[in-house]
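Visitor: Listed here are the chains, written in short residue letters.
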Amino acid sequence: MNLPHIDFSVITPELIVIATALVVMLAEFVGAHATPSPTRSHRIALIALLGLVLAALAAVAGLGRAATDIQGMLVADDLGRYLELVVLLAAALGLLLAWDYLPQFTKMHSEYYALYLLAVVGMMFMGKSTELITLFVSLEILSVALYVLTGFHRGQLAAGEAALKYFLLGAFSSAFFIYGAALLYGDTGSTHLVDIAARASGGFLTLAGLALLLVGFGFKLAVVPFHMWTPDVYQGAPTPVTAFMSVGTKAAAFVALFRVLQAAGVSYATWSLVLALLATLTMTWGNLAALRQSSLKRMLAYSSIAHAGYMLIGVTAGMQLGLSAVLFYLFAYAFMNIGAFAVVSLLERPGYHATQDATIDAARGLFARKPLLAVVMAIFLLSLAGVPPLAGFFGKLYLFNAAVQSGWIWLAIVGMINSVVSAYYYLRVTVLMFMTEADETSFLRSPLSNATGLAIAVAMVGTLLLGIFAGPWLQQLGQAALAFAGS
Amino acid sequence: MAIPLSWYLIVAAALFCIGFYGVLARRNAVAILMGVELMLNAVNINFLAFWRYVRPEEPLGQVFAIFVLAVAAAEAAVGLALIISIYRTRKTINIDNIDLLRG
Amino acid sequence: MTLILFAFLALIALAGGLGVVLSRNPVHSALSLLLNFASIAVIYFLLHAQFLGVVQVIVYAGAIVVLFLFVVMLIGGNIGPYRHGSRTVTSVIAVGLAAAFLALVVWSVVQVLPMSATPVGAPDAGSVQAVGMALYTDYLVPFELASLLLLVGMLGGVVLARRYQPFAEDETQ
Chain A
1 MNLPHIDFSV ITPELIVIAT ALVVMLAEFV GAHATPSPTR SHRIALIALL
51 GLVLAALAAV AGLGRAATDI QGMLVADDLG RYLELVVLLA AALGLLLAWD
101 YLPQFTKMHS EYYALYLLAV VGMMFMGKST ELITLFVSLE ILSVALYVLT
151 GFHRGQLAAG EAALKYFLLG AFSSAFFIYG AALLYGDTGS THLVDIAARA
201 SGGFLTLAGL ALLLVGFGFK LAVVPFHMWT PDVYQGAPTP VTAFMSVGTK
251 AAAFVALFRV LQAAGVSYAT WSLVLALLAT LTMTWGNLAA LRQSSLKRML
301 AYSSIAHAGY MLIGVTAGMQ LGLSAVLFYL FAYAFMNIGA FAVVSLLERP
351 GYHATQDATI DAARGLFARK PLLAVVMAIF LLSLAGVPPL AGFFGKLYLF
401 NAAVQSGWIW LAIVGMINSV VSAYYYLRVT VLMFMTEADE TSFLRSPLSN
451 ATGLAIAVAM VGTLLLGIFA GPWLQQLGQA ALAFAGS
Chain B
1 MAIPLSWYLI VAAALFCIGF YGVLARRNAV AILMGVELML NAVNINFLAF
51 WRYVRPEEPL GQVFAIFVLA VAAAEAAVGL ALIISIYRTR KTINIDNIDL
101 LRG
Chain C
1 MTLILFAFLA LIALAGGLGV VLSRNPVHSA LSLLLNFASI AVIYFLLHAQ
51 FLGVVQVIVY AGAIVVLFLF VVMLIGGNIG PYRHGSRTVT SVIAVGLAAA
101 FLALVVWSVV QVLPMSATPV GAPDAGSVQA VGMALYTDYL VPFELASLLL
151 LVGMLGGVVL ARRYQPFAED ETQ
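Protein chains in written order, with the working numbering: chain A, 1 to 487; chain B, 1 to 103; chain C, 1 to 173.
Please keep in mind that the hints were generated in silico from the structure rather than gathered at the bench.
None of the values given here were measured: they were computed from a predicted structure.
Note that CB positions come from ideal geometry on N, CA and C, so glycine has one too.
Fair warning: there could be bad hints in the mix.
Unchecked claim - Some chain B residues close to chain A (C-beta under 8 Å, calculated; not the full set):
#1 36
#2 39
#3 40
#4 55
#5 79
#6 84
#7 89
#8 101
What the hints assert, rightly or not - Computed from the model, here is a short list of chain B residues facing chain C with C-beta under 7 Å:
#9 9
#10 17
#11 22
#12 34
#13 63
Using the sequences and the accompanying hints, generate a full structural model.
Guide: See below:
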């Protein structure tokens with residue numbers, strides 16, 4: 001009997017996060033009754049944050065090294081390491097948002113941060129999986145953890161409702177995902193993506209298997225027509241969770257989708273058309289629906305559907321150009337979207353039972369009350385809309401450029417039209433902040449806490465820096481994409 | 001006489017579709033979850049049939065089926081806990097009545 | 001002989017499945033689910049997957065169905081009009097979608113696979129030993145990941161099922 005040789009350096013960042021999650025679970029018992037609730041929560045959050053930073057350092061230390069793997073199931077290549085960085089960045093920003101948000105409504109701090117870190121681990125593993133069982137189990141780790149986090153605000157009816165909807169549709173989509181995996185297994189006799197790529201018959205079993213996998217991915221990515229859960233879940237979940245999962249889940253699922261599609265290389269011509277249609281549908285539907293929202297969170301939820309559509313353009317464009325553009329967009333999206341959610345979380349009225357939703361009117365006259373905050377929010381929104389010279393502009397530019405270079409000119413044009421449409425609802429909020437007077441509908445949670453302030457500052461600096469250093473950064477990511485496409 | 005592979009696959013597909021129908025047509029959260037369990041089971045028949053007929057020398061299909069089982073158990077635990085928690089506050093688990101969020 | 005057995009089991013499994021989605025009483029649904037799971041377990045034995053058959057009985061029939069029954073009982077008979085509300089329009093769409101999916105799969109399976117494909121291989125490949133060896137050597141990574149999944153499930157169950165105490169009261173203690 002041969003015991004497998006396992007190279008643990010492949011999963012160093014994941015191991016750090018897992019260990020942190022376990023420490024966080026036990027931290028509840030240390031001086032549990034002596035310390036008041038917020039202090040204990042902050043202490044636990046600090047441990048979690050340290051773990052995330054350490055894991056990010058481990059991922060950075062690995063950058064540029066040759067790809068290694070564990071039994072062909074988990075691979076540590078640069079693509080995986082950049083994915084880890086996006087997920088860890090989103091997690092750290094989301095954690096800073098939760099810092100003062102969480103003690104408002106719960107005392108189960110350890111449980112929250114442990115589940116949060118395990119969701120992070122699931123995302124990181126998902127982006128590194130090169131085998132379907134591993135992929136499926138990681139997908140479930142992150143999904144189940146997110147179902148619970150969505151419903152974490154137990155006193156709020158909307159949170160439970162969001163969690164239930166997310167859970168039922170998520171479990172439903174998992175069934176499609178594994179049906180697809182089963183058909184691919186039947187076709188090739190293997191679940192390793194490498195073997196599937198080599199042995200796929202290209203016949204019905206391959207096509208149906210991939211189609212069903214795509215349905216599973218579609219649910220996780222909130223691609224139209226599998227997006228029904230997204231607005232409800234993003235609106236009902238606690239805002240820090242929404243901010244984190246809108247970026248983290250997308251990042252993990254997009255990287256995994258690239259890995260699966262590379263295995264399906266045989267029929268890429270067919271797939272790219274399907275993907276192009278899905279991208280068109282997703283962008284257009286997301287933007288049109290966002291136009292008529294009065295809740296800020298729901299508006300950002302539909303906008304995140306639209307952004308998934310933009311990133312699908314990159315997937316359509318293929319491995320080399322598309323992949324680096326999607327990676328770039330994920331980084332940009334992490335900064336600008338979480339930044340926007342951070343400001344939204346300040347506009348929410350505290351309340352334990354009612355839906356404490358921030359409406360667009362809550363932003364009225366924000367400039368007069370807090371000029372700096374209004375300017376920062378405007379920058380996030382303009383970046384989301386794709387106004388130069390911010391990160392979002394270059395993200396879209398690279399995506400559309402990748403589409404044009406790979407021959408999808410009409411898709412790039414649809415994307416541009418969509419950007420223009422989306423500018424309307426982003427600007428509407430901006431106008432409300434700058435041009436109107438504060439009245440009884442406007443609201444701002446004060447004082448601004450240090451943690452939230454730090455999150456906003458980091459997101460702000462990131463949005464600006466990614467815009468300024470867009471070229472060199474894309475080149476960096478391009479090398480990872482090239483290494484992946486060539487492998 | 002041995003049973004052809006396609007028979008297993010057809011039974012599995014039929015069960016999957018029954019579960020699929022259950023998820024779409026029922027409004028009760030527990031009933032929907034039962035539909036999902038039917039779908040996951042149907043997929044497991046696929047895995048075992050493919051294992052037996054395509055690559056029996058390696059027990060991969062069985063291994064995958066075990067993971068599906070583990071996932072189904074974890075999902076059922078979390079899902080039912082969620083349903084109980086919602087029932088406590090709302091006194092209903094009919095998803096048509098759980099509709100605060102819309103727009 | 002196996003053919004008759006298979007047909008019999010398949011019919012029971014399908015009947016159980018239909019019972020789950022059609023019955024008016026949640027307890028009947030859960031019991032039909034048990035019937036379905038049990039007949040699938042015997043189908044696994046037909047496929048020489050003895051270990052999976054046993055696990056199916058223990059985990060699905062033993063644990064999951066009991067969990068369902070437990071929840072149904074806990075929520076009580078006043079689960080509301082259980083079947084009410086499955087409106088005709090949704091039902092028709094659901095039947096249509098399910099039937100279309102089924103037709104697609106059946107058609108393609110019949111098209112693609114030779115009807116006479118017969119099983120091959122050693123009869124003991126479904127034993128505990130064979131599966132265990134694979135799980136602990138070749139598939140160690142997902143096996144370890146599954147432990148994380150169960151940890152998440154456990155934490156989630158604790159968080160969600162714990163009786164919620166309104167926060168303000170809790171704080172004054």
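Visitor: Have a go at the residue 84 (chain B) hint: is there a Cβ in chain A nearer than 8 Å to its own Cβ?
Guide: This hint is violated: residue 84 (chain B) lies away from chain A, its Cβ roughly 11 Å from the closest one there, beyond 8 Å.
Visitor: Closer than 7 Å between Cβ atoms is the bar; does residue 63 (chain B) clear it against chain C? Give me holds or violated.
Guide: Residue 63 (chain B) check passes; min Cβ-Cβ to chain C is 5 Å, inside 7 Å.
Visitor: Is the shortest C-beta separation between residue 89 (chain B) and chain A less than 8 Å?
Guide: holds, 6 Å
Visitor: Close enough to count: is the Cβ of residue 79 (chain B) nearer than 8 Å to one in chain A?
Guide: Constraint on residue 79 (chain B) satisfied, holds at 5 Å.
Visitor: Regarding the hint that residue 34 (chain B) lies at the interface with chain C, is the smallest CB-CB distance below 7 Å?
Guide: Cβ of residue 34 (chain B) sits 5 Å from chain C, so the hint holds.
Visitor: Going by Cβ atoms only, is residue 22 (chain B) closer than 7 Å to chain C?
Guide: holds, 3 Å
Visitor: Grab the minimum C-beta distance from residue 9 (chain B) to chain C and call the hint holds if it beats 7 Å, violated otherwise.
Guide: holds, 5 Å
Visitor: Mind checking the CB of residue 17 (chain B) against every CB in chain C and telling me if the closest is under 7 Å?
Guide: holds, 4 Å
Visitor: Tell me if the interface restraint on residue 40 (chain B) is satisfied: Cβ within less than 8 Å of some Cβ in chain A.
Guide: OK, holds: residue 40 (chain B) within 8 Å of chain A, min 6 Å.
Visitor: Holds or violated: residue 36 (chain B) as interface residue toward chain A, Cβ cutoff 8 Å?
Guide: For residue 36 (chain B), the interface hint holds, since the closest Cβ of chain A sits about 5 Å away, which is under 8 Å.
Visitor: Answer holds if the nearest beta-carbon of chain A is closer than 8 Å to that of residue 55 (chain B); otherwise answer violated.
Guide: holds, 4 Å
Visitor: Just to be careful: measuring from the Cβ of residue 39 (chain B) to every Cβ in chain A, is the smallest value less than 8 Å?
Guide: Hint on residue 39 (chain B): holds, closest Cβ of chain A at ~4 Å, below 8 Å.
In this structure, only the earlier hint numbered 6 is contradicted, and the remaining ones agree with it.
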